[in-house]
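> Chain by chain, the residues run as shown.
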Amino acid sequence: MTGQGRLAAWGVGLAALVALPFVYRDPYHLHILVLILIWSFAYTSWSMMGRFGLVSLGHGGFMGIGAYVTALLWNHAGLSPWIGIPISMAAAGALALIVGYPCFRFRITGHYFVLVTLALSGIVLQVITATRDYTGGSLGYTPNRASGNKLLALQFDDKTTWYLIALGVWLFGIVVWHWVDRSMARYALEAISEDEDAAAAAGVDVTAEKLKITLLSALMTALAGAIYCQYQMFITPDTVSGIAVSLQMVFAAIVGGLFVSLGPTVGAIITILLAETLRIGFGTKAVGWDNLVYGVLLVLFIIFLPKGILGSLLDRLKLQRKVPRAHEQKAVQVARPGT
Amino acid sequence: MVKRFGGFTAVNNVSFQVDQGEILGLIGPNGSGKSTIFNMLSGTLAPTSGSIMFSGHEIAGLAPHRIINSGIGRTFQIPRPFRRLSIFENVALAGFYGQGRHSRAKAEEAAERSLAMVGLPTDRHASVDGLGAAGLKKLELAKALATAPKLLLADESLGGLDEAEMDQAADMLRNIRDELGITIIWVEHIMGVLMRVVDRVMVLDHGEKISEGLPSAVAGDPRVIEVYLGTDAETTQAAAAEARRRAGG
Numbered sequence: 001m002t003g004q005g006r007l008a009a010w011g012v013g014l015a016a017l018v019a020l021p022f023v024y025r026d027p028y029h030l031h032i033l034v035l036i037l038i039w040s041f042a043y044t045s046w047s048m049m050g051r052f053g054l055v056s057l058g059h060g061g062f063m064g065i066g067a068y069v070t071a072l073l074w075n076h077a078g079l080s081p082w083i084g085i086p087i088s089m090a091a092a093g094a095l096a097l098i099v100g101y102p103c104f105r106f107r108i109t110g111h112y113f114v115l116v117t118l119a120l121s122g123i124v125l126q127v128i129t130a131t132r133d134y135t136g137g138s139l140g141y142t143p144n145r146a147s148g149n150k151l152l153a154l155q156f157d158d159k160t161t162w163y164l165i166a167l168g169v170w171l172f173g174i175v176v177w178h179w180v181d182r183s184m185a186r187y188a189l190e191a192i193s194e195d196e197d198a199a200a201a202a203g204v205d206v207t208a209e210k211l212k213i214t215l216l217s218a219l220m221t222a223l224a225g226a227i228y229c230q231y232q233m234f235i236t237p238d239t240v241s242g243i244a245v246s247l248q249m250v251f252a253a254i255v256g257g258l259f260v261s262l263g264p265t266v267g268a269i270i271t272i273l274l275a276e277t278l279r280i281g282f283g284t285k286a287v288g289w290d291n292l293v294y295g296v297l298l299v300l301f302i303i304f305l306p307k308g309i310l311g312s313l314l315d316r317l318k319l320q321r322k323v324p325r326a327h328e329q330k331a332v333q334v335a336r337p338g339t
Numbered sequence: 001m002v003k004r005f006g007g008f009t010a011v012n013n014v015s016f017q018v019d020q021g022e023i024l025g026l027i028g029p030n031g032s033g034k035s036t037i038f039n040m041l042s043g044t045l046a047p048t049s050g051s052i053m054f055s056g057h058e059i060a061g062l063a064p065h066r067i068i069n070s071g072i073g074r075t076f077q078i079p080r081p082f083r084r085l086s087i088f089e090n091v092a093l094a095g096f097y098g099q100g101r102h103s104r105a106k107a108e109e110a111a112e113r114s115l116a117m118v119g120l121p122t123d124r125h126a127s128v129d130g131l132g133a134a135g136l137k138k139l140e141l142a143k144a145l146a147t148a149p150k151l152l153l154a155d156e157s158l159g160g161l162d163e164a165e166m167d168q169a170a171d172m173l174r175n176i177r178d179e180l181g182i183t184i185i186w187v188e189h190i191m192g193v194l195m196r197v198v199d200r201v202m203v204l205d206h207g208e209k210i211s212e213g214l215p216s217a218v219a220g221d222p223r224v225i226e227v228y229l230g231t232d233a234e235t236t237q238a239a240a241a242e243a244r245r246r247a248g249g
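Protein chains in written order, with my numbering: chain A, 1 to 339; chain B, 1 to 249.
Some hints here could point you the wrong way.
Straight-line C-alpha distance at most 35 Å; calculated DSBU-like pairs for lysine-lysine [what the hints assert, rightly or not]:
| id | chain 1 | residue 1 | chain 2 | residue 2 |
| --- | --- | --- | --- | --- |
| 1 | B | Lys209 | B | Lys150 |
| 2 | A | Lys212 | B | Lys209 |
| 3 | A | Lys159 | A | Lys285 |
| 4 | B | Lys106 | A | Lys318 |
| 5 | A | Lys212 | A | Lys318 |
| 6 | A | Lys212 | B | Lys150 |
| 7 | B | Lys106 | B | Lys150 |
Part of the chain B face toward chain A, derived, beta carbon under 7 Å [as the list claims (entries may be wrong)]:
| id | residue |
| --- | --- |
| 8 | Leu62 |
| 9 | His65 |
| 10 | Ile68 |
| 11 | Arg80 |
| 12 | Phe82 |
| 13 | Glu89 |
| 14 | Ala94 |
| 15 | Lys143 |
| 16 | Thr147 |
| 17 | Gly160 |
| 18 | Leu161 |
Computed list of chain B residues with no C-beta within reach of chain A, every gap over 12 Å [stated by the list, open to error]:
| id | residue |
| --- | --- |
| 19 | Ser55 |
| 20 | Thr75 |
| 21 | Ser103 |
| 22 | Met117 |
| 23 | Glu140 |
| 24 | Leu214 |
None of these hints come from the bench; they were simulated from the model.
Because the structure is a prediction, the values reported are computed rather than measured.
Each residue gets a CB set at the ideal place from its N, CA and C atoms; glycine is no exception.
Using the sequences and the hints given, assemble the complete structure.
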């Protein structure tokens, strides 16, 4: 597709998405769409790092901070989410820097980096559960209903408003993804993910570049958590933080496609629809099944479709026109030795 | 400068200087400390003691990217291209980050110039996977040049190349000095080609400097011949003959 054609397609698609809630008002389906958009944004935020080999299992922590800090500030300090959300994002960003700096400075990469972030996820979950006097622990937490101005409290009753907010946030995530994709920072991060010494020899400040993308990713993930909290008006440690949420991000991003902007969105569509189908089809008998299915699918995808559904699909479409990016082909070869 | 790894002294009180616009050859058998010196100059290792002055500034122990940004470019002995990027992007990256992240346009300009200088295609999408051993060495050089260095540290083990390619690589280094006025420190363990191009040679053995001077003088130095005898005697003698011939004619 040419640049102009692509832009036109995006324009038409977006117009249709914006128009949707005004034509189609089924609240359940809109609810599913809002969830898909919010989680798509969270997965996109994760993939900003993940696509450069910075596999974080700590993003559940950032998301939890976004949700809980915003809600706690509202209930206890009476701070509007308009102020609370930036504060929660700053908190998540600070945590990302505190954990990221020593990791990057002392070259903790690969599996060891994953383990450090895994610990981060666990710690945030434990803190939320342990401070149950404030956070409600594992029973969950509800922001107080606003008595006055709904806009100030960022609480809305109708699904259409939330749909549009979620759409805006999601679009913001996609725009940031493309902005990074076209920046020199992408070159630097691709280089770093391959060979940190060689990247430094090209003049790249490896620690700073990794910190920047980590910070961006953490800030966006915290925003996703806060928006999720404002929409659902009920959060539990297990739904917005912890290792399960982190793993779900990894799963969705990989299944959808890590190297394409809409990959995490496709991943969100699949995970949310899967969870909902299991919930409606099997009810309480299927509690936890979705995690089992995620696990099995993740294994299958890493082996057979490492570029994800959308990534592989796009490759097939453009195979005649353009050679797909070499490193993605490499990923396929690594995952499938002998082909 | 001195570098110790535990109880092992890899570089023992080696002191040298290189003048602007000069090509200094740094040779020695395997394990003689060349690479350690190279790594200290490029910031990969910090000296145990001693100092490295570049254009009047102390650079010993600075982080590698700072050294690159202070005007020193380096290549790797075994080429380390970024295979996720195209040839052009590899070099543009170095042009951008190696020159203080000024502007993308400037970086792309630098990339085009550097690629043309080493004779690689300036096509934006050409993949690194299409390059052979010689092409990868050129890419290394183009990346280093794109950082606009005043001093180029060339870790140019030419071992993997055939004779024509070796000559070509050596000529390229000389062109870089002649046309761009870049000072070069060339590290190598084969003497032959190097002797033809460099202005001055320094020979290392077991972490110590055993000889330094004009190629013709160094090649005739008995200590150098002794070090190379048994390992690379023929090359040494060939180089000595070549240097004498050049000095005579």
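> Against each hint, give a clear statement of whether it holds in the structure.
Verification of the hints:
no., hint, result
1, Lys209(B) - Lys150(B), "25 Å, holds"
2, Lys212(A) - Lys209(B), "44 Å, violated"
3, Lys159(A) - Lys285(A), "29 Å, holds"
4, Lys106(B) - Lys318(A), "32 Å, holds"
5, Lys212(A) - Lys318(A), "32 Å, holds"
6, Lys212(A) - Lys150(B), "30 Å, holds"
7, Lys106(B) - Lys150(B), "18 Å, holds"
8, Leu62, "11 Å, violated"
9, His65, "5 Å, holds"
10, Ile68, "4 Å, holds"
11, Arg80, "4 Å, holds"
12, Phe82, "4 Å, holds"
13, Glu89, "6 Å, holds"
14, Ala94, "4 Å, holds"
15, Lys143, "6 Å, holds"
16, Thr147, "5 Å, holds"
17, Gly160, "18 Å, violated"
18, Leu161, "20 Å, violated"
19, Ser55, "17 Å, holds"
20, Thr75, "8 Å, violated"
21, Ser103, "10 Å, violated"
22, Met117, "17 Å, holds"
23, Glu140, "9 Å, violated"
24, Leu214, "31 Å, holds"
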